[in-house]
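J.: Spelled out, the chains give:
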Amino acid sequence: EAGVAQSPRYKIIEKRQSVAFWCNPISGHATLYWYQQILGQGPKLLIQFQNNGVVDDSQLPKDRFSAERLKGVDSTLKIQPAKLEDSAVYLCASSLNPYSNQPQHFGDGTRLSIL
Amino acid sequence: DQQVKQNSPSLSVQEGRISILNCDYTNSMFDYFLWYKKYPAEGPTFLISISSIKDKNEDGRFTVFLNKSAKHLSLHIVPSQPGDSAVYFCAARGNSGNTPLVFGKGTRLSVIA
Numbered sequence: 001e002a003g004v005a006q007s008p009r010y011k012i013i014e015k016r017q018s019v020a021f022w023c024n025p026i027s028g029h030a031t032l033y034w035y036q037q038i039l040g041q042g043p044k045l046l047i048q049f050q051n052n053g054v055v056d057d058s059q060l061p062k063d064r065f066s067a068e069r070l071k072g073v074d075s076t077l078k079i080q081p082a083k084l085e086d087s088a089v090y091l092c093a094s095s096l097n098p099y100s101n102q103p104q105h106f107g108d109g110t111r112l113s114i115l
Numbered sequence: 116d117q118q119v120k121q122n123s124p125s126l127s128v129q130e131g132r133i134s135i136l137n138c139d140y141t142n143s144m145f146d147y148f149l150w151y152k153k154y155p156a157e158g159p160t161f162l163i164s165i166s167s168i169k170d171k172n173e174d175g176r177f178t179v180f181l182n183k184s185a186k187h188l189s190l191h192i193v194p195s196q197p198g199d200s201a202v203y204f205c206a207a208r209g210n211s212g213n214t215p216l217v218f219g220k221g222t223r224l225s226v227i228a
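From first to last, the protein sequence lines stand for chains W and U. Reading the first sequence from the start, the letters are residues 1 to 115 in our numbering. Reading the second sequence from the start, the letters are residues 116 to 228 in our numbering.
With the rest of the complex left out, here is chain W (with noise of 0.2 Å):
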C-alpha cells in the first residue's frame, strides 16, 4: 500500500512570509494528524483530524496556523506569517482507526527553514 506521502520535502522562507504544506494519507486512513518537530525534540501533535472534522488542535497556534481537510481525504497546513521559532519539520500522520491500538503511519515530513 502506498505510504503518506507530503510535499513539498523542504521549504526556506524568510520570517513573516507565508507557508503551506500538503498531506495524502494513506488510502481509508479516516484520521490525519500534523505535527511539529523541532530539532533534538519529539513530535508534538499541532492537530488532528476525524474525516473532515477536527478532534484535537489544543496545541496549534492559531493566530498563524490553520489546517484544513475538506474533503475528508488530503490536507493542508499553512503558517502565515511564519516565525523564526516555526523552523521544524512538520509530519504528516494516519490511522485506520484511533480507537483501536492502529499504529499511527507518518509521511517523510516537510523540513522548513526561516530565515
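FYI, nobody ran anything at the bench for these hints, they're computed from the structure. All values derive from a computational prediction rather than experimental measurement. Hints are all accurate, no fakes.
Cut-off 25 Å, straight-line C-alpha distance, at most; resulting in silico cross-link-like pairs (DSS-like, lysine-lysine): (1) U:K183 - W:K44; (2) U:K120 - U:K183; (3) U:K120 - W:K44.
If you only want the chain W side, here are some residues facing chain U, beta carbon under 7 Å, derived: (4) Q41; (5) G42; (6) P43; (7) L45; (8) D56; (9) L91; (10) N101; (11) P103; (12) F106; (13) G107; (14) D108; (15) G109.
Using N, Cα and C, we set each Cβ at its ideal position, and we do this for glycine too.
Chain U: place on chain W using the hints.
T.: Showing chain U alone in chain W's frame:
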C-alpha cells in the same frame, strides 16, 4: 512538563550484542506504548507496541518490556545490526479512546560493525 522521557540521548553498541533503549513516563493514564524508528530525512516508522495489559511483546529481534509499577518501558534489540542505527522514539497514549500520542525526545542508536 515532559510526560515521556528518554534520558539517554545516544547509545553505541557493538554489532551482534544487545541494544537496550529505555523510556520512563509520568502519566498513570497512559495505557498504550509504541516505539518508532527514524532514519535521517525520513518519517518515523512504527516498530513495536505494547498494551498495559501485557508486560512483554516480542517481534523478531525486537522485544518491548513494560513495568507499570515503575512507569518504565524498554526496547531490546537482539542481535543488533548496523541497519538498526537510527533514532528511536518512545510514545505513549492515554486510555480514554481517541487521545493523542505523546513522544519522548528520542535516543540515537549507533551499531558499530
